[in-house]
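Student: What follows is each chain in one-letter form.
Number of protein chains: 2
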Amino acid sequence: MSIKRLLIGRPLKSTELGEQKLNKKKALAILSSDALSSVAYGPEQILLVLVTVSTAAFWYSIPIGVGVLVLLTALILSYRQIIFAYPHGGGAYVVSKQNLGIFPGLIAGGSLLVDYILTVAVSVSAGTDAITSAFPSLHEHKVIIAVVFVILLTLLNLRGVTESATILAYPVYLFVVALFLLIAVGLYNIATGHVSPELHAPVGTPVAGMSLFLILRAFASGSSALTGVEAISNAIPNFKEPSPNNAAKTLLAMGTLLAILFSGIVFLAYYYGIAPHPEKTVVSQIAEHTFGRNAVYYFIQGTTALILILAANTGYSAFPLLAVNLANDRFIPRMFTVRGDRLGYSNGIISLGLLSIILIIAFQGQTEQLIPLYAVGVFIPFTLSQTGIMMKWIREKPTGWVPKLIINSIGALISLTVSLVFFLTKFTRVWPVLIFLPLIVWMFYRIKKHYEAVGDQLRLTTCEPAVPITGNVIILPVSGITHVVDHSLNYAKSLSPDQIIAVYIPFEREDIARFEEKWNRWRPDIRLVTLYSPYRSIITPLGKFIDTVHRKASENDYQVTVIIPQFIPKKGWHNFLHNQTSLMLRTYLLYRKDVIITTVPYHLKK
Amino acid sequence: MSIKRLLIGRPLKSTELGEQKLNKKKALAILSSDALSSVAYGPEQILLVLVTVSTAAFWYSIPIGVGVLVLLTALILSYRQIIFAYPHGGGAYVVSKQNLGIFPGLIAGGSLLVDYILTVAVSVSAGTDAITSAFPSLHEHKVIIAVVFVILLTLLNLRGVTESATILAYPVYLFVVALFLLIAVGLYNIATGHVSPELHAPVGTPVAGMSLFLILRAFASGSSALTGVEAISNAIPNFKEPSPNNAAKTLLAMGTLLAILFSGIVFLAYYYGIAPHPEKTVVSQIAEHTFGRNAVYYFIQGTTALILILAANTGYSAFPLLAVNLANDRFIPRMFTVRGDRLGYSNGIISLGLLSIILIIAFQGQTEQLIPLYAVGVFIPFTLSQTGIMMKWIREKPTGWVPKLIINSIGALISLTVSLVFFLTKFTRVWPVLIFLPLIVWMFYRIKKHYEAVGDQLRLTTCEPAVPITGNVIILPVSGITHVVDHSLNYAKSLSPDQIIAVYIPFEREDIARFEEKWNRWRPDIRLVTLYSPYRSIITPLGKFIDTVHRKASENDYQVTVIIPQFIPKKGWHNFLHNQTSLMLRTYLLYRKDVIITTVPYHLKK
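Protein chains in written order, with this note's numbering: chain A, 1 to 606; chain B, 1 to 606.
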């Protein structure tokens, strides 16, 4: 317990919740790390596609980058509208559910739920890559490093939102500063002619083997840099009042930063003629090219690693909130709605941590392979929520709805296109979506159905009244004449039931008469039933006997109670020294028979 | 359940026990496999020591072999006397305990308990070696093969003694036939001059670097061929009547067979000039030398493998019986005294199987390293039980006790010498005995102490009478107004306690008044206590409340019962969908508070 306190801090009262709200600066840090960090791998993804043709094709990254910027603008404008339309949090699940129906809502929700797990796994692995790029000797410990980071993030989030935001703010701003510095110095070097213009092929150079398919594929890959832009619109309730305005401003700031960083990296990579390298990231190569392997290089690598790892934190902000929404609608277990000691939704936080650790271990930290899956899992809910908002405008027709509709229609169309391009051009990587998404949605419905069934059975108004209880029969299994039996019998008598039956189950025929005689001398007033068990089983004969008693009792509306005495040893290991019959018996009766089970503990004193 | 039936057969009644007794032929098979199989590795152990000097030293195996035969004779004669002195089973534990005291008894018992686990691990690994000598491609699957054999043996033994004896009889006799054939043909070849006498150095050739230390070491190693001779004296109750006579005859037969096989192998190995080889056992080399790699060779390898694996069965016969003796004396958990469905002591059988699998996996099947440890673990109880019998003769002085005393004194002395030689010459291999033996004996005493303490507390005659119960207070935690609560309340009322207190634990302050009002409209007759829990914990406030109630109740000899309603979902996976509060609450109350806990199951119908 004290370890828990040390790790996550003292428990907070429910009334302390208000203090945990975010101001704009902190919100930008906590909610943008995912989007901003994507520039560390987005441009690289474009080059990875182009390099399959030839390095001469690298100039295509410039028009493709422009395409990504157009997409970014459309998404930012669309999400700005969602913020004002859903000031209480416009996650894709809520927006799709309200405007398109439950099924599209669940598709969006299921897609995002998995996506946040991928966010954590992919971001932390990429961050670990940045570290091992700088320190190659750590390469073999990649998986362990990544897992440790996930554990640290989980603990941070169990501590609570504000505290993790404070810790998060610095690295995000440091990363922005580092990349601005990199881009500025890089552009300055180019402007002053320190970089040979022969490193790259000029834009427009004809490239043999280039196809529309590859361009689309590179575009889809590049748009993975946009994952995370939805985070702000999901988290509006975490902002200080006026939440929607603050959120909208934060969104614009993030969009601007993202556009600048993305363009800068794409341009520098193109101008320096950088090719993707299995052991050095593109950003790391640009930094080496610009500064050499000096302190500034390590600063850039360090902040990149940090922001990538902290990008995972977006998953930690979003997953538990989405889980609460789904759990309130009874599509996932209700435990996700319970706030922990520090007011965070601990079950969501812990589940997210565990699942991403499993992913990291399963893929041995090679989560680059998951990036396309992750990106498509973002663009499906993007499409659904934009379409949802379109429907809202068409249905409600508020003042000035036509331009709003146009903006969201463009957003929806582009998102849909990107999703389709992923399926068309990267099917080998994204097919799992077609399996797990239906599975998850089916699971949602199963869970919902169960909760509804339970609700029906529990509701007092809709159900038949409880069966009346006119009397009680108590069954007490005894293994000898001891204090434990004495105590349990006393208790049974004090409840003044209509009948008490002591049951003795000997394994040897000789024990029957011997025990009956002993019993009748000790407690002649209590009826003893002896069930000889030649097969040395206690549960089978007792179960049969209980069935008989229960049948007769039910006829008279009598309730059957089985009293099970249980030793409570002073030390844990002592449990090994006692037959676990009580436990087995209780489990069996609880699940198989309709009887009430009373455990009379007998606390051993030494 | 039906899988269990398929694997181990239908359950047997306790009265069917008599049918499971052994006749001499079966007993020889079941109880000698350990001792006879030792000739497959005993001679090799001698050569492994001698080869450290030079191959010229191999002639020493002849006098050392003679020494082992003398030791064998002494042991057989000593054990013959033990059989008649302890016709109900004279395991080293019983004999040492009765004649020397509890502490020496526990040393012998603990030593043997560990030794039987080593028997299984070492024999099965050696058998697997014999198989992989013949089929080298299986070498890499050694551990899995060995583990599968242990599982099969465990199942056989769970089926019961007689059935495993029937299966065991064939391989043991086949092995004896195979080795007789090998020795006969080998001797015939030598006699007819088909074997070059230059393969070996003549007996008496001076060898540089030979020392008494090495001779003793080789002797101790060779005496590992004698492990298992005690098995018959431990298992007398398993023999048909007259058990002691049958057992004594079986013992003599076994001793004779063992002497012939051991001498034959040692002599052939010497005459052929065979040197130990890491991938081919000595017996395998002799067989190859005599027959070539033909069908007879494979027959010998096959029966060797089989008998080695079945030698492990000696462990399965002896371990559970020893465990019963120790458990009856309360030195190990009582569950070892319970007969399973097939009348075997299943807990002992299963524990033995599990522990030896752990050893095999931990040593990756390289259990040759364990042979010295195993041998010393046999000779310590040998020494103790012979000394025990000596004491018996001295104390009781039956007719003709002097020659008996002399025989057992020689046995004790030789066993003691062998034990000491092991410590002197193989300390690096046998030191673990000095750690685990004291640990085990300490554990025996701890367990005994606990059982005695429990016995004292339970005994009606020695303890204070049970506290009288003059009335009942029932506490019922409620989470809402549902059928479950209704049903539990009805039950509580039917017990007509002196007081029923419903407890509601809201996490939000607003809930207090709302729920109290609702309750008072629904059940104004039942007292409701509301415990506001700002830290969202159910257990802490409820625990405190129960303490308060309990304190007041105890003053008036009232008993406190907590009624916990529990959902029983129709399907196992549904458990995930319900907060496990009931379970956590019950565990907490059971272990931490002195209250009775009644579980009212609510079986969900869908």
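Possibly wrong hints are sitting among the right ones.
Claimed, not checked - Simulated DEER-style distance windows between Cβ atoms: (1) N520/B / D498/A: 29 to 35 Å; (2) E396/B / L531/A: 44 to 50 Å; (3) E508/B / G455/A: 18 to 24 Å; (4) T530/A / E241/B: 29 to 35 Å; (5) I167/A / K552/B: 57 to 63 Å; (6) W431/B / G9/A: 58 to 64 Å; (7) E396/B / T530/A: 39 to 45 Å; (8) N556/B / I539/A: 22 to 28 Å; (9) A362/A / S211/B: 56 to 62 Å; (10) E452/B / I539/A: 25 to 31 Å; (11) Q364/B / G9/A: 33 to 39 Å; (12) I539/A / T428/B: 48 to 54 Å.
Hint data in this document are derived by calculation from the structure and do not stem from the laboratory.
Glycine residues also receive a C-beta, built at the ideal position from the N, C-alpha and C atoms.
Student: Each hint: holds or not?
Tutor: Going through the hints against the structure:
At roughly 32 Å, the beta-carbon separation of N520/B and D498/A lies within the given 29 to 35 Å, and the hint holds. At about 46 Å, the beta-carbon gap between E396/B and L531/A stays in the expected band of 44 to 50 Å. The hint said 18 to 24 Å for the Cβ distance between E508/B and G455/A, and at roughly 21 Å that hint holds. Evaluation of the 29 to 35 Å hint for T530/A and E241/B yields a pass: the beta carbon distance comes to about 33 Å.
Distance hint check: the CB atoms of I167/A and K552/B are about 49 Å apart, inconsistent with the given range 57 to 63 Å. In this structure the supplied range 58 to 64 Å is violated for W431/B paired with G9/A, their Cβ-Cβ distance being about 49 Å. The beta-carbon spacing between E396/B and T530/A, approximately 44 Å, falls within the hinted interval of 39 to 45 Å. Range check, N556/B to I539/A: Cβ separation about 38 Å, and the 22 to 28 Å hint is violated.
As the Cβ distance of A362/A to S211/B is approximately 58 Å, the hint placing it in 56 to 62 Å holds. The hinted window of 25 to 31 Å between E452/B and I539/A holds, with their beta carbons roughly 29 Å apart. Under the hint 33 to 39 Å, the C-beta atoms of Q364/B and G9/A, about 46 Å apart, miss the expected range. Checked against the given bound of 48 to 54 Å, the beta carbons of I539/A and T428/B, roughly 51 Å apart, stay inside it.
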